[in-house]
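Let the sequences and hints guide you as you build the complete structure.
As a plain string of letters, each chain reads:
Number of protein chains: 2
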Amino acid sequence: VNILLHYIKKMFDVKSKILDFHHPHQLLEGLDGFNLELSDHPESLEQLLVDCTDTLKYGVKTGHPRFFNQLSSGLDVVGLAGAWLTATANTNTFTYEIAPVFTIMETILLKKMYGIIGWGETEADGIFAPGGSISNLYGILVARYKQYPEIKRQGMTALPCCVLFVSEQGHYSVKKAAAILGIGTDNVIEVKCDERYVSNTFSKIYYCHYGHIPFCVTASAGSTVFGAFDPLHGYLTHILCICRQLGGGWGGLLLSRNHSHKLSGIERANSVTWNPHKLMGVPLQRSAILIRGKKGVMQPSCNKMHAAYLFQPDKLYNVDFDTGDKTIQRGRHVDVFKLWLMWKAKGTCGFEAQINQHMELAKYFCKVLKKKDNFKLVFDAEVKILLQRRLIEKGTAMISYQPCGDKVNFFRMVFSNPATRRADVDYLIDAIERLGKDL
Amino acid sequence: VNILLHYIKKMFDVKSKILDFHHPHQLLEGLDGFNLELSDHPESLEQLLVDCTDTLKYGVKTGHPRFFNQLSSGLDVVGLAGAWLTATANTNTFTYEIAPVFTIMETILLKKMYGIIGWGETEADGIFAPGGSISNLYGILVARYKQYPEIKRQGMTALPCCVLFVSEQGHYSVKKAAAILGIGTDNVIEVKCDERYVSNTFSKIYYCHYGHIPFCVTASAGSTVFGAFDPLHGYLTHILCICRQLGGGWGGLLLSRNHSHKLSGIERANSVTWNPHKLMGVPLQRSAILIRGKKGVMQPSCNKMHAAYLFQPDKLYNVDFDTGDKTIQRGRHVDVFKLWLMWKAKGTCGFEAQINQHMELAKYFCKVLKKKDNFKLVFDAEVKILLQRRLIEKGTAMISYQPCGDKVNFFRMVFSNPATRRADVDYLIDAIERLGKDL
Numbered sequence: 001v002n003i004l005l006h007y008i009k010k011m012f013d014v015k016s017k018i019l020d021f022h023h024p025h026q027l028l029e030g031l032d033g034f035n036l037e038l039s040d041h042p043e044s045l046e047q048l049l050v051d052c053t054d055t056l057k058y059g060v061k062t063g064h065p066r067f068f069n070q071l072s073s074g075l076d077v078v079g080l081a082g083a084w085l086t087a088t089a090n091t092n093t094f095t096y097e098i099a100p101v102f103t104i105m106e107t108i109l110l111k112k113m114y115g116i117i118g119w120g121e122t123e124a125d126g127i128f129a130p131g132g133s134i135s136n137l138y139g140i141l142v143a144r145y146k147q148y149p150e151i152k153r154q155g156m157t158a159l160p161c162c163v164l165f166v167s168e169q170g171h172y173s174v175k176k177a178a179a180i181l182g183i184g185t186d187n188v189i190e191v192k193c194d195e196r197y198v199s200n201t202f203s204k205i206y207y208c209h210y211g212h213i214p215f216c217v218t219a220s221a222g223s224t225v226f227g228a229f230d231p232l233h234g235y236l237t238h239i240l241c242i243c244r245q246l247g248g249g250w251g252g253l254l255l256s257r258n259h260s261h262k263l264s265g266i267e268r269a270n271s272v273t274w275n276p277h278k279l280m281g282v283p284l285q286r287s288a289i290l291i292r293g294k295k296g297v298m299q300p301s302c303n304k305m306h307a308a309y310l311f312q313p314d315k316l317y318n319v320d321f322d323t324g325d326k327t328i329q330r331g332r333h334v335d336v337f338k339l340w341l342m343w344k345a346k347g348t349c350g351f352e353a354q355i356n357q358h359m360e361l362a363k364y365f366c367k368v369l370k371k372k373d374n375f376k377l378v379f380d381a382e383v384k385i386l387l388q389r390r391l392i393e394k395g396t397a398m399i400s401y402q403p404c405g406d407k408v409n410f411f412r413m414v415f416s417n418p419a420t421r422r423a424d425v426d427y428l429i430d431a432i433e434r435l436g437k438d439l
Numbered sequence: 001v002n003i004l005l006h007y008i009k010k011m012f013d014v015k016s017k018i019l020d021f022h023h024p025h026q027l028l029e030g031l032d033g034f035n036l037e038l039s040d041h042p043e044s045l046e047q048l049l050v051d052c053t054d055t056l057k058y059g060v061k062t063g064h065p066r067f068f069n070q071l072s073s074g075l076d077v078v079g080l081a082g083a084w085l086t087a088t089a090n091t092n093t094f095t096y097e098i099a100p101v102f103t104i105m106e107t108i109l110l111k112k113m114y115g116i117i118g119w120g121e122t123e124a125d126g127i128f129a130p131g132g133s134i135s136n137l138y139g140i141l142v143a144r145y146k147q148y149p150e151i152k153r154q155g156m157t158a159l160p161c162c163v164l165f166v167s168e169q170g171h172y173s174v175k176k177a178a179a180i181l182g183i184g185t186d187n188v189i190e191v192k193c194d195e196r197y198v199s200n201t202f203s204k205i206y207y208c209h210y211g212h213i214p215f216c217v218t219a220s221a222g223s224t225v226f227g228a229f230d231p232l233h234g235y236l237t238h239i240l241c242i243c244r245q246l247g248g249g250w251g252g253l254l255l256s257r258n259h260s261h262k263l264s265g266i267e268r269a270n271s272v273t274w275n276p277h278k279l280m281g282v283p284l285q286r287s288a289i290l291i292r293g294k295k296g297v298m299q300p301s302c303n304k305m306h307a308a309y310l311f312q313p314d315k316l317y318n319v320d321f322d323t324g325d326k327t328i329q330r331g332r333h334v335d336v337f338k339l340w341l342m343w344k345a346k347g348t349c350g351f352e353a354q355i356n357q358h359m360e361l362a363k364y365f366c367k368v369l370k371k372k373d374n375f376k377l378v379f380d381a382e383v384k385i386l387l388q389r390r391l392i393e394k395g396t397a398m399i400s401y402q403p404c405g406d407k408v409n410f411f412r413m414v415f416s417n418p419a420t421r422r423a424d425v426d427y428l429i430d431a432i433e434r435l436g437k438d439l
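Sequences listed follow chains W and R, in order. Numbering (the working numbering) for the first sequence: 1 to 439. Numbering (the working numbering) for the second sequence: 1 to 439.
One copy or any two copies: either way a pair holds, since identical chains are not told apart in the list.
No farther apart than 27 Å at their CA atoms in a straight line, the calculated lysine-lysine pairs in the DSSO-like style are these: (1) Lys437 x Lys315; (2) Lys262 x Lys363; (3) Lys17 x Lys315; (4) Lys315 x Lys57; (5) Lys111 x Lys57; (6) Lys394 x Lys315; (7) Lys315 x Lys15; (8) Lys9 x Lys57; (9) Lys304 x Lys192; (10) Lys17 x Lys437; (11) Lys112 x Lys304.
No wet-lab data here; the hints were simulated from the structure.
What follows is the structure, encoded as structure tokens:
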């Protein structure tokens, strides 16, 4: 515990390095006595403690105020306490029998989220999943099942050629889901974005090939690279007959009265992926898939397999709270408690304040950048990579980069780390300028 | 931390109750000031600590020496320390960039597991997954891709009618995977078991309908209800041309020189699911899917989607260690450290001793039962349910029950809890006798 608390304290200090970079072969070979190989015989307790210290030493401090590399960043200490308790409880959320408190907490959290989206409790179903990609897979799985319930028994060969729509800026998990579900990536129709990186996927349904049946239209609420919001309200109204699936890491934005309008119309989606481990800062991992429609679309129909050894109908208690047969996995890690405890600690208002702070920092960042002549929206690719390498090697800040279409590598700045202050934003801009000077 | 340590200490005391049972509606309404509802405003730190205590109080002590309810049980304190460190590091295993130490640990653990199965390092691929069901899904996904690589782009409609085989005692996740992957549960051929609850799925391939193409044969190494081992060596030799997938929670048995013969022939499987959170007692959750064949079957081919924003090929380091494009999910919780630290603490020999202890307790249990006239292999169903209810209400021991085929409800005894001693086995048998006396 002392090792961990010391690490946390150091991590929040902006002067500490985010990482002490080494190459894979260096770690494989062993660094300063940090030997990762496993042996037949036990190590001493002292050595285990050294191993723990070294594991943290050579890792990446994702809670550091200048860690901007991922959509999920920061370390909420209440969320962390929740994670420690969860690990200690070491149970599984598949039945009320072995996770009575956690399954009820999940019910309460889902109800809260339905309400925030604008759905009534009785007209929605949902579950927490290991991450956004699995949530998106659930959304597409349920959309397919809703249109063609015979899929479960007969498989895709019994169906016509089904196609689904995604914006070219939509998350790649949609294509991955199509490959997994036996739909095939050729049947994912990518729709071009406009200059604001948003897309109106609905308008493209008219251009479907003869014999192709659209069964799912997806939209992004906060795309991965540009953080763009597809116009939900505008087009979702036209496609009530087709299943719509909405994926986005920025569901937390709904908690901010100043910014929730970006997701206006979300209540018309048939399913929503909401990742509290992003904008809401819940420790990894925590995603929710929320399905509109009468309760039970996931359990008694789409995914149920009647595993008699787990989901006995003759139990002591109301088995409505056994969630295991809803899921594509069986066992389910208890990830719900971290979010529940953070919600207790902050209240809905606290999440709102935190999200508003991220949005204000983003505004400040743009304001500062606009005043600088030597920053453009797109950098020269080579310069960009060398710059990121220098930042990683210095270990003082971490920011991600990527190419996109005809745009060469550029930096992606993300604000989801509650520890970030204006001074850290200033530091990052200065560091990029300074390290890039001689390139 | 004090709340958690107090809980752990109490849990290991056999005299403490495993659970303080309440019904879902009681928890929903709130118990003695334990209010699970969420509000707009924050709670005090004092109240949060009370909430944490109550969460543990009304939960199930899965590490209690008399918790036999699930295949995963027990609480390994080194594993728990690993889980706390993992939560504190709060990172994601998809790239070396943000999880350098953990991705290397995963490589080392997988290599160790390939070796134990009997595969060379260069002829295997693998990944840790959230649980056994997802691992089984990976196995079937890769089997399908190997036989029909066009599936990824063209979907199931481009394929002939593919069927797969599973024993009637095989895990239900095989059927679930067939539903998800668009194969359909009608195309899962269930093979009857003999009186030892084992099955030779291979022999049934000859009875395939005309036009049905077998692409995957599964076997169980430790079935969920009976813990039975399908004869791996016998039949796997005959079906080299067909993909074989082996699922089992009891992969840990390979670590015991006395018992590994039960998995003899496992090296001939094309994929193996191994759940260290069962017999090896790693805290939840931790499963591995191991694929035989040249390195890269999962990454460059089956699951890769080229997400430019994460898996840039022009990175600072050797990108072979970026695992994210292997997976069906995107982000991946760091679950690898718990197992790594436990392996360091116990050594391979320590795991062997622990597994041998479980097997000896099982032997002892059978010996005691055989001497008793009032125990039979199958109970009267009604009596069984009432008995389990009485045990749950008393909270002194937890054991699972289920029906199976023509057999009515019976108890399933599981030995995977390292805290269990002979006295706990005696207690359970006595308790069942005592509580069942007046039924």
